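In order, the protein sequence lines correspond to chains A and B. Each residue of the first sequence is one higher than the one before, counting from 148 in this note's numbering. Each residue of the second sequence is one higher than the one before, counting from 113 in this note's numbering.
Since the hints were derived computationally from the structure, they do not count as laboratory data. One or more hints might be untrue.
As the list claims (entries may be wrong) - Label-pair restraints from in silico Cβ distances:
hint	chain 1	residue 1	chain 2	residue 2	range
1	B	298	A	150	45 to 51 angstroms
2	A	316	B	271	35 to 41 angstroms
3	A	319	B	284	40 to 46 angstroms
4	A	319	B	334	36 to 42 angstroms
5	A	316	B	194	24 to 30 angstroms
6	A	188	B	275	53 to 59 angstroms
7	B	207	A	186	35 to 41 angstroms
Predicted, not measured: the structure shown is a model, and the values here were computed from it. Where a beta carbon is used, it is the ideal one built from N, C-alpha and C, also for glycine.
So you can see what is in the structure, the chains are spelled out below.
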Amino acid sequence: MSKTITIDGLTVPFRDGQTIMDAALASGVYIPHLCHNPEFKPHGSCKLCTVNVNGRNAASCTMPATEGLQVLNDTAELNDERRALVQMLFVEGNHLCPSCEKSGNCQLQAVAYYLEMMSPHYNHFYPTREVDASHPGILLDRNRCIYCELCVRASRDADGKNVFGLTGRGMATTLIVNSASGRLGDTTLAVTDKAVQVCPTGALMKKGLAYTVPIGRRIFDHHSIKDVQTGGGHE
Amino acid sequence: MSERSGRGPHPIPLPHPQGASPPGSRCFAATTARQAGEGEGEAVSPAGDAKKIRIATCSLAGCFGCHMSLLDIDERLFGLLELVEFDRTPLTDIKHCGPCDIGIVEGGVCNAENVHVLKEFRKNCKVLVAIGACAITGGIPALRNNLDLWDCFQEVYCYEGGLECGQIPDDPELPLPFDKVHPIYEVVKVDYFLPGCPPPADAIWKFLTDLLNGREPKLDYEMLHFD
Ligand code: SF4
Ligand code: SF4
Ligand code: FES
Chain A
148 MSKTITIDGL TVPFRDGQTI MDAALASGVY IPHLCHNPEF KPHGSCKLCT
198 VNVNGRNAAS CTMPATEGLQ VLNDTAELND ERRALVQMLF VEGNHLCPSC
248 EKSGNCQLQA VAYYLEMMSP HYNHFYPTRE VDASHPGILL DRNRCIYCEL
298 CVRASRDADG KNVFGLTGRG MATTLIVNSA SGRLGDTTLA VTDKAVQVCP
348 TGALMKKGLA YTVPIGRRIF DHHSIKDVQT GGGHE
Chain B
113 MSERSGRGPH PIPLPHPQGA SPPGSRCFAA TTARQAGEGE GEAVSPAGDA
163 KKIRIATCSL AGCFGCHMSL LDIDERLFGL LELVEFDRTP LTDIKHCGPC
213 DIGIVEGGVC NAENVHVLKE FRKNCKVLVA IGACAITGGI PALRNNLDLW
263 DCFQEVYCYE GGLECGQIPD DPELPLPFDK VHPIYEVVKV DYFLPGCPPP
313 ADAIWKFLTD LLNGREPKLD YEMLHFD
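For reference, chain A alone in the conformation it holds in the complex:
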């Protein structure tokens, strides 16, 4: 008899060591998330995956599953909070989707669609952030970075290169590049590196793809991130 938790009344099996998120994804239950990618150690920073566990809120990507947990996930209240978090991510960076090559393939935007975010609601910060175009094959546009640390984890744990790091706190947080000049072009980062593939937003992108797949024919133009991330696994 395998151990189980319930998510919104549905019985979901888990193995020891799995988080609530792991168990949910394995059973095809979508919990909105941005900083989580099953291939990497959880970071627990975006809080989008917050669920109610036995009456208390917790980040499902870091919370271990234990026998009999009662989890609430797809509730109006939690989705309202998630929408507010996504709205804050939009106003604290510079997300002008019509000018972004990632539009339609972007997970931040896709979660906003899923949560029916009709506007960013809060006053925009319009922060000044640096763009690093020094690498011949890769563009780093910090205007779109949500500091999910996925590139940091991928570069360290999968590529073994440690190209990226987060520095500073709160509003001063920024993504830095590990080279003497601080520029991407002076690192060993390669276009094929995992770090370049995992970015959920348009912050870290392969150059030269541009609009080869036109707007309107991209993945989240037609498929909800819920179906993409529970059906076909992560991109």
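We have chain A; now place chain B with the ligands onto it with these hints.
Using the frame of chain A, we list chain B with the ligands on its own:
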């Protein structure tokens, strides 16, 4: 469709063309678009003698793309015109907005004149709708928000290739530009948002027919996009 985390549905109910009949027995409730405007999907029926819904539209710091998309509802416009009449819009060329039921604003706020127009709309329109990426986020004009305004002007009016005796326009009639472009909801209260760059004609149609039929506007997944 209304902003769900706090801004809530609009507080002022639309005046109904036939008075206070309940939803379901209202005059647009039983007719389809095909009957009214020969368009796709559900829609609107002629209001007969009833008072028409008055709509004003304008473009602030926008490209008129949202207005083009509105015109893209094509022959459904005829059905729409049975129900609504236009106040100030680029189509009627009326210069100031009078009392209206619905105001539709394209574009963000990039100069002092935009603020005056926007406030005039808010004052006169019972329901104010922000249409398109620029009205909702600042959009493409907001790409200049991290550049010095003077540098921008110099680039455009002095250094750009092909200019002869380039000079920065300084006619006193020109509105004062702001150093940053803002979405309209940062200046006035907005009741509904219709995103897209531009929103497709079908999304505009769905939105308007929902609103005119007294329903909370709701877009299908594929109609909601930010690009
Ligand atoms: S990164 Fe995503 S949300 Fe940000 S501008 Fe690009 S498409 Fe929009
Ligand atoms: S560049 Fe992308 S992957 Fe890296 S922290 Fe920013 S958003 Fe996350
Ligand atoms: S996905 Fe769990 S905190 Fe980001």
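Status of the hints after comparison with the structure:
no.	hint	in the structure
1	B:298 x A:150: 45 to 51 angstroms	holds (50 angstroms)
2	A:316 x B:271: 35 to 41 angstroms	holds (40 angstroms)
3	A:319 x B:284: 40 to 46 angstroms	holds (42 angstroms)
4	A:319 x B:334: 36 to 42 angstroms	holds (39 angstroms)
5	A:316 x B:194: 24 to 30 angstroms	violated (59 angstroms)
6	A:188 x B:275: 53 to 59 angstroms	holds (55 angstroms)
7	B:207 x A:186: 35 to 41 angstroms	violated (59 angstroms)
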